[in-house]
Structures are given as structure tokens and as C-alpha cells.
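Based on these hints, arrange chain B on the given structure of chain A.
2 protein chains.
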Amino acid sequence: MAKEIERKFLVKGDFKDEAFKATRITQGYLSSVPERTVRVRVKGDKGFITIKGIGNASGASRYEWEKEIPVEEVKELLLICEPGVIDKTRYLVKAGEFTFEVDEFYGDNEGLVMAEVELASVDEDFERPDWLGAEVTGDRRYYNSHLARHPYKEWAV
Amino acid sequence: MAKEIERKFLVKGDFKDEAFKATRITQGYLSSVPERTVRVRVKGDKGFITIKGIGNASGASRYEWEKEIPVEEVKELLLICEPGVIDKTRYLVKAGEFTFEVDEFYGDNEGLVMAEVELASVDEDFERPDWLGAEVTGDRRYYNSHLARHPYKEWAV
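Listed in order, the protein sequences are those of chains A and B. Counting from 273, one number per residue, gives the positions in the first sequence under our numbering. Counting from 273, one number per residue, gives the positions in the second sequence under our numbering.
The shape of chain A in the complex, shown without the other chains (with noise of 0.2 Å):
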């Protein structure tokens, strides 16, 4: 089984300067169900469905299945997906050996800005650049189908 090791933190500071790339995303979800998420998603020019399961403990390691599928299918998919599409820009930011994901949110989630590193195992040492801000991994409500049902702006400060 395909499992992904990631660590998620909030960004706190200026990151844009470092990116060497950036891609609009559009996502929406056919089960938002931490136990077996189904997403759909348009990245740049390209298509996505991408199963997720349940998380471990600590919500760093989760199972995951995607296949690349046309953007058209997704565009279909996306209108019988729940209420609530993310839409966010990705930049990817080198920090020494690791490249983090940094998601800039728009529309009702405007405002959150996150991080997330790919490790090979849940324990391994990594830079940490100054933008960094407090640690998130696991903590469901910046899960991305936790955020399509209950957006950023919603939430009290």
C-alpha cells in the first residue's frame, strides 16, 4: 500500500520570494469522510482523483491512491461533488534537501496559508525555513475536506 508521510505546519511569514514554482489548484470532494476521502481535483492543466484513508495516530501517515484522469471528468465530477470547492495556489519552496507545499487559500478560506513536507519516515530531521509557523499535522480541521465543509472564515478567532 502506498503511504504518504507528511508534516503539516501554518506558514507565518513571507515564503513567496523562495518559490520556485506556483500552480492554482481547484478541488472539490466526492466523500469528505476522514475514513475514505475522494477527491477531485485540476491542477495547472491537468486531472485528479485521489483516495485518501484514515490517518495513524498521529496523522502523519495515511493511505492513498491517484490516478491522473482529463481535466473535462474532473469538471463533471465536480458539479455532484459536496458543497464547498477549495481554491488555492501551491508554491513549492526549497529548504535545504526538502521541497515544501505551501497552500494559499482563496474565497471562504482566504486568509489560511499552509506547508506540508514529504518525509520518508515520520521521525526524520528536516529543515525548518523561518516562515514556518506551529505545527498542524493531524490536526483535522486543516484537513482540506474538513475546510471544503467548514471554511477558514467560519471558524472563531
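None of these hints come from the bench; they were simulated from the model. A quick note: this is a predicted structure, and the numbers were derived from the prediction, not measured. You may find that some hints are simply not true.
Which copy is meant is left open, because identical chains are indistinguishable; a pair holds if it fits in one copy or across any two.
[What the hints assert, rightly or not] When the alpha-carbon atoms are kept at most 20 Å apart in a straight line, the in silico EDC-like pairs for lysine to aspartate or glutamate are as follows:
| no. | residue 1 | residue 2 |
| --- | --- | --- |
| 1 | 284 | 382 |
| 2 | 347 | 307 |
| 3 | 318 | 338 |
Here is chain B on its own, set in the frame of chain A:
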């Protein structure tokens, strides 16, 4: 959008002598919500993922998206499906110009036999074989996604 026009019936008599093909099917649901069911299926030696939208008022027409995927991937995905896997044999039976798919269920749905015919339009005429029983098109109790959660054996008689 791909739409399937299907009418569904109970089966009340013997049809197996007329069948020209039989295939074992095992399937589970990543989402059994009628508005957006996500099904993974092993059918004979092939694997599929299928997404269906909600039907129209009569239940005969539903948006459908399907991709063939490796059987091994279906088996992985079955592990994270909702509880309640469907196990059945699908028989193909010719009646005039039409081919009926007749599903004989096992396990917790033992005793249930249903036939489906695909039509070009909701009101297209077709030949009714002797073994064709009451029509259940659009009755969500007979959706496989519903049978997975509420199997036939549990129904009040």
C-alpha cells in the same frame, strides 16, 4: 455527461438456462450517499472504479463515470470501504434485441435476484421475459449502495 438509462426489476422465475455468460462480482463503497456514490468492483478478472450521481425523478437516468483499474488496487481500496461488501453473480440473458443483466446475490443479500436492462430512452419499449417480476426502478432500497448498508436479509418481510 454520460447518462445511463436503466430499468430494474425483481426476478421471479428461473432464468439461468437462458443465460449466455456468468461473472462473479465483488464490490464495496467508498461513498454510498445517493448523490455521489463511489464504488470499487472486481468483475471477473478486471477492476473498476465507478462514480454515480443522483438519479432523475424516475430514477432511470444517472450520471456515471467509470475507469478500469488494476484488480490489486481494487483489493486495497476495498479495505477502506464502508462496511458491507456486495458479493453476487451477474448473468447476461438475451430477450429479443435486449440483454438483461441478472444479479443473484450472496451473503447477507442471499435470496435477492434483480434484472436490469439498459435503454436508449426512459420510455423505450422492450420484450419482457417470463421470469421478469415487479419493476423497482428508482426504488433506492434496491440500489447496491443501499444493500451494502441494509442487506436484504435484514428487511422486514
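How the hints compare with the structure:
{"no.": "1", "hint": "284 / 382", "in the structure": "within (14 Å within a copy, 58 Å between copies)"}
{"no.": "2", "hint": "347 / 307", "in the structure": "between (24 Å within a copy, 16 Å between copies)"}
{"no.": "3", "hint": "318 / 338", "in the structure": "both (13 Å within a copy, 18 Å between copies)"}
Every hint from the earlier list agrees with this structure, and none is contradicted.
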